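Chemist: Sequence:
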Amino acid sequence: MAEVSIGTLNASLVHPREVFSEAISANAASVIFAHNHPSGDPEPSEDDLSITKRLVEAGKLLGIEVRIQSSKM
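Going by the working numbering, the letters in the sequence shown line up with residues 597 to 669, in that order.
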């Protein structure tokens, strides 16, 4: 497990390059991402959905499967 980003109260800056760095170094075939909201609201924001799509696309380019566990993503 690797910590990739620590956000503020209402934002987390994430770039696919940093997200996949550890996975590439470990020759990972897949990754699972975890994310929480300090507010306690479990609903993904529009930004959450957008970065998830970007990470899935980056994973496809790298040959690393992004495992999604929520039907909302």
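Just so you know, these hints were derived from the structure itself, not from any lab. It should be emphasised that the depicted structure is a prediction, and the values quoted were computed from it without experimental measurement. Errors might be hidden in some of the hints.
[Said to hold, decoys possible] Distance condition first, Cα-Cα at most 20 Å in a straight line; then the derived DMTMM-like pairs of lysine to aspartate or glutamate:
hint	residue 1	residue 2
1	LYS656	GLU618
2	LYS656	ASP644
3	LYS649	GLU639
[To be verified] The calculated label-pair distances, taken between Cβ atoms and stated as ranges, are:
hint	residue 1	residue 2	range
4	ASN623	ILE664	17 to 23 Å
5	GLU642	ARG663	19 to 25 Å
6	SER641	SER621	25 to 31 Å
7	SER641	ARG663	32 to 38 Å
8	ARG650	SER621	18 to 24 Å
9	LEU658	SER635	16 to 22 Å
10	LEU609	ASP637	18 to 24 Å
11	ALA622	GLU642	29 to 35 Å
12	ASN632	HIS611	30 to 36 Å
13	ARG663	GLU639	33 to 39 Å
14	ALA622	LYS656	14 to 20 Å
15	ASN623	ASP643	18 to 24 Å
16	PRO634	LYS656	17 to 23 Å
17	VAL600	GLY659	31 to 37 Å
Backbone N, C-alpha and C fix where the C-beta goes; we use that ideal spot for every residue, glycine too.
Chemist: Now, for every hint given, state plainly whether the structure supports it.
Modeler: Consistency of the hints with the structure:
1. LYS656 <-> GLU618: It holds: about 16 Å lies between the C-alpha atoms, which stays within 20 Å.
2. LYS656 <-> ASP644: It holds: about 18 Å lies between the C-alpha atoms, which stays within 20 Å.
3. LYS649 <-> GLU639: Given that 20 Å is the threshold and the Cα spacing comes to 16 Å, the pair holds.
4. ASN623 <-> ILE664: 17 to 23 Å: holds (21 Å)
5. GLU642 <-> ARG663: 19 to 25 Å: holds (22 Å)
6. SER641 <-> SER621: 25 to 31 Å: holds (29 Å)
7. SER641 <-> ARG663: 32 to 38 Å: Violated, since SER641 and ARG663 (Cβ atoms, about 20 Å apart) do not stay within the stated range.
8. ARG650 <-> SER621: 18 to 24 Å: Distance hint for ARG650, SER621 holds at roughly 20 Å.
9. LEU658 <-> SER635: 16 to 22 Å: Hint violated: Cβ distance 32 Å, outside 16 to 22 Å.
10. LEU609 <-> ASP637: 18 to 24 Å: holds (20 Å)
11. ALA622 <-> GLU642: 29 to 35 Å: holds (31 Å)
12. ASN632 <-> HIS611: 30 to 36 Å: violated (19 Å)
13. ARG663 <-> GLU639: 33 to 39 Å: violated (20 Å)
14. ALA622 <-> LYS656: 14 to 20 Å: The hint (14 to 20 Å, Cβ to Cβ) holds, given that ALA622 and LYS656 are roughly 18 Å apart.
15. ASN623 <-> ASP643: 18 to 24 Å: violated (30 Å)
16. PRO634 <-> LYS656: 17 to 23 Å: At 31 Å between Cβs, range violated.
17. VAL600 <-> GLY659: 31 to 37 Å: violated (19 Å)
The structure shown violates the earlier hints numbered 7, 9, 12, 13, 15, 16, 17.
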